[in-house]
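Heads up: the sequence lines are chains A and B, in that order. Under this note's numbering, read the first sequence as residues 1 to 265, first letter to last. Under this note's numbering, read the second sequence as residues 1 to 288, first letter to last.
Source of the hints: derived by calculation from the structure; they are not laboratory data. Not one of these hints is a red herring.
Cross-link-like lysine-lysine pairs, in silico, DSSO-like; alpha carbons within 30 angstroms at most:
{"no.": "1", "chain 1": "B", "residue 1": "131", "chain 2": "A", "residue 2": "170"}
{"no.": "2", "chain 1": "B", "residue 1": "33", "chain 2": "B", "residue 2": "131"}
{"no.": "3", "chain 1": "B", "residue 1": "96", "chain 2": "B", "residue 2": "131"}
{"no.": "4", "chain 1": "B", "residue 1": "96", "chain 2": "A", "residue 2": "170"}
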Amino acid sequence: MAEPFLMRALLAGLGLAVIAAPLGCFVVWRRMAYYGETVAQAGLIGIAVGLAFSLDLTASVLVVTLAVSGLLVLLSRQQLVPFDSLLGLMAHAALAIGVIAASLVRGPQLDFMAFLFGDIFAVTGSDLRWVYLGGAVALAALVAVWRPLLALSVHEDLAAAEGVATERTKVIFVLVLALVVAIAIKIVGVLLTIAFLIMPAAAARPLAETPEQMAVIAAIFGMLSVASGLFLSISLDTPGGPSIVLMLAVFFAASIFPTVLRRQR
Amino acid sequence: MVLHEHGPDDGHEPHHHHDAGPDAHPSSAHDAKALISARGLWLERSGRAILQGVDIDIRPREIVTLIGPNGAGKTTLVRMLLGLQAPDRGEIVRRKGLVIGYAPQRMEVDRAIPLDVGRFVALAAGAAQEKIERVLAEVGASQLIERQLSELSGGELQRVVLARALVRSPDLLVLDEPVRGVDYAGEAELYTLIGRLCSEAGFGVLLVSHDLHVVMAQSDRVICLNRHVCCSGVPQSVALHPEYARLFGPQAARAFGLYTHQHDHRHDLAGEPRPPMAPDRRPSDQES
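Pulled out of the complex, with its shape left as it was, chain B reads as follows (with noise of 0.2 angstroms):
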């Protein structure tokens, strides 16, 4: 994977031409083999630009995590792949009959509607109970399945909206802030299992997150962004370049470092199962 890096004064216009092979320019040519590919997207809000022309591309069985301060544009930019906003100008291009699991920031749980854990799955797709009970064994929360939503704890609560974005069996995963509310001993496993998940079914992931050291344990690919792509590539190299020690610290860049030499032999673009990558400092149990 190619380090790339855009200034902010870039400001590249789409482009139309799909002559490029997949390893062009990221600018100029839509990815053939990604899932969704995005060129050129470009958002202003009252004369400030949250978005300055963004290029994202997520391939199959790929985790991309999307780290950037608070204010960079993050959660724009996921509402966009999304289809739930659209940009002033740029593109997405998302493959034929793709479907999403969405897992939203903070969920919060409206106490007015009864709804059970069950339910609150099922409402995705009007899936089958059978598949609704199998996707919650796997994020290991079939013993929820009867109680109201309203009555989980922060982790249990995210276990229960990724098991409902599993549910429609997701070509590509988008995960907002996914631990938010969780403790740090859920958070790894979290991420583990997104991991273990993401190997099995062959899905794409698309992370978003402001916690550094984790994400990159089980990320093949980080964009760090701060209304435009600051830099992107493998964790180490990310880790290495100038614009991530000035937008996270040196201390970050340090701490980034020694969580990633472990996992070097991970990325495997042709979609090869991997190994198990539980972070092993941490207390890690897959099922529970």
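Okay, chain A solo, but in the shape it has when bound (with noise of 0.2 angstroms):
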């Protein structure tokens, strides 16, 4: 453990699930796992902008994540075509322009699997600071619109009835996304972001009471999905964002079966 490249993977993937934790209860409560996903992808595009003027790779993913969620609320004022339609639509043409954009400035050559999987064993200090800095902001924010996030996510009309500032909220809340995004981007990759926020909060669904228990439960099982993914790719010699998500999944598994069966008798 005394390894620097493997301290660094574990700190930077252990404070990645405590901010994608919470964030994540809200992101599968207001069902918008296809949102993430789109505005995730967007993110090769600032990763190509970065490497083309050679920025910090997370800061000019910021920057399209935020631009791409703005373009995105603009465009649910439309209903001609269906938000997911437009989503679906978004995240590959996001995608393409992505890697036509990294192609161009870096050649035929260049290693995308590092962006869409992420290299999380290539953290870098920086890296460490998004998460821990950026990562306290996200949270902060989120815990300051909380109730009013819970009640809009409960019933959005009897929140706004009650005078929440649901426009307002809902802004908060796709600004704190879009940073937490940038942030795991460069660490798990464009493809395994969304995963890293959806899945420990779904696997924590069935062991929660109360909303705040669900996010602690998500973080605990984001935590330990990091560790045992972490130790997983060192023993097998696997890719570390990938491992993750595979403990990932294998903590869903073990957390819905029980439920799913006992549903069937």
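Combine the two chains into a complex, taking the hints into account.
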């Protein structure tokens, strides 16, 4: 455990698990998994831009995730194309643009794997700062809007009639989501970021009786998956991000199957 | 209470002079005594008029029932009064600092969110635990406080939603089809409960319903809506109104007449406490 790269990987993964847990609960409750996926895939454009101009990759990804979030808010106001189709369209358009832009910048030999699935063992000190400082900002913002956000997730009209500033609260949530997605992309990649958000929350649901319990249990599942996934990765020499996601899937299965089997009796 | 009639072609614009008294024609000025007062609400969608110059007032301690067929614009009107939707034209005046308790139509419980009854009610106001327990007791749902929302029956859920509307100590309670999914006995019981709480706590009530009989029995005033206000007034006068018979059929008018005669004594707009008003033909247990 003394290896510095392993310590950094562990610190980044555990920090990310803690930030992702409460946010992931809201992504699950508000049925925004596909929305998050779209924002994450758009992050590839940010990586291409960052590589082209030698910028901090997380910062340039953040600019793109924020821009795409704003665009989605605007596009959600039209009704000719259903929102899920729009998300599918945007996610794949963004992926295509990102791949083309990155190829133009670095040539066809660029290793996309590191950006699609992350490279948790290549985490730098700068990445750690993003996780802990950016993560603290994200968590603080989420705690600040926790009650109104929960109220409108349970029943939006009811919350609005009771005086919750629903639009402002939703905008804050979308911004926090864009920030956390940007932080996570460098570590677990464009394609696995949303898994980091929704899988711990989904695994926590059958065991939770309050919203806060669900967030805490999700954080525990996330941290256990990071630790066991990294151990798996080191032992079997498998890629880090996918190994963590595999463990998340195992925890989810262990959590949900007793419920499923009970229902069938 | 005067019976006001509005034809669909009145097309009155909102007026902004406030010199008329509270008993002036409703399209002319806002009711100064009202908790909430709306004038000339107008909404069109895709060239079709949803609301055509609707006026409505609700005063303290008054139970106003809004009835009308499907597509009459009842829910749209409620959403406007709650501030959830803006009219194209028209004006809504709320009494300063008005607190509204709202029980939405068909509360869908999302099983993805783990939430017990106590927490659901607490979402309304961040009210003290003691207050939450008190309103749950008032609606006869004390024993449900630790149950998950997703485990409740339709009737239990309605009581819990009512408790949430009450926990903010509202001046005005807005109940959109509160008896949907509740059985017949539970329906009468719920209306009795609302009537009792209204006279005890002194708030105004706006009740939206497609159900004619029980609602009528508990109402001080009925507004019959079909995109415009067809007729309004005390239940008896509405029941006898030809527009009402046209909308709901002569049978409905007869059934309604049968239920209202015993409530002649209850129209105390001055706000005096009323005698209990349980419809005695129905199983009525006020406490459970």
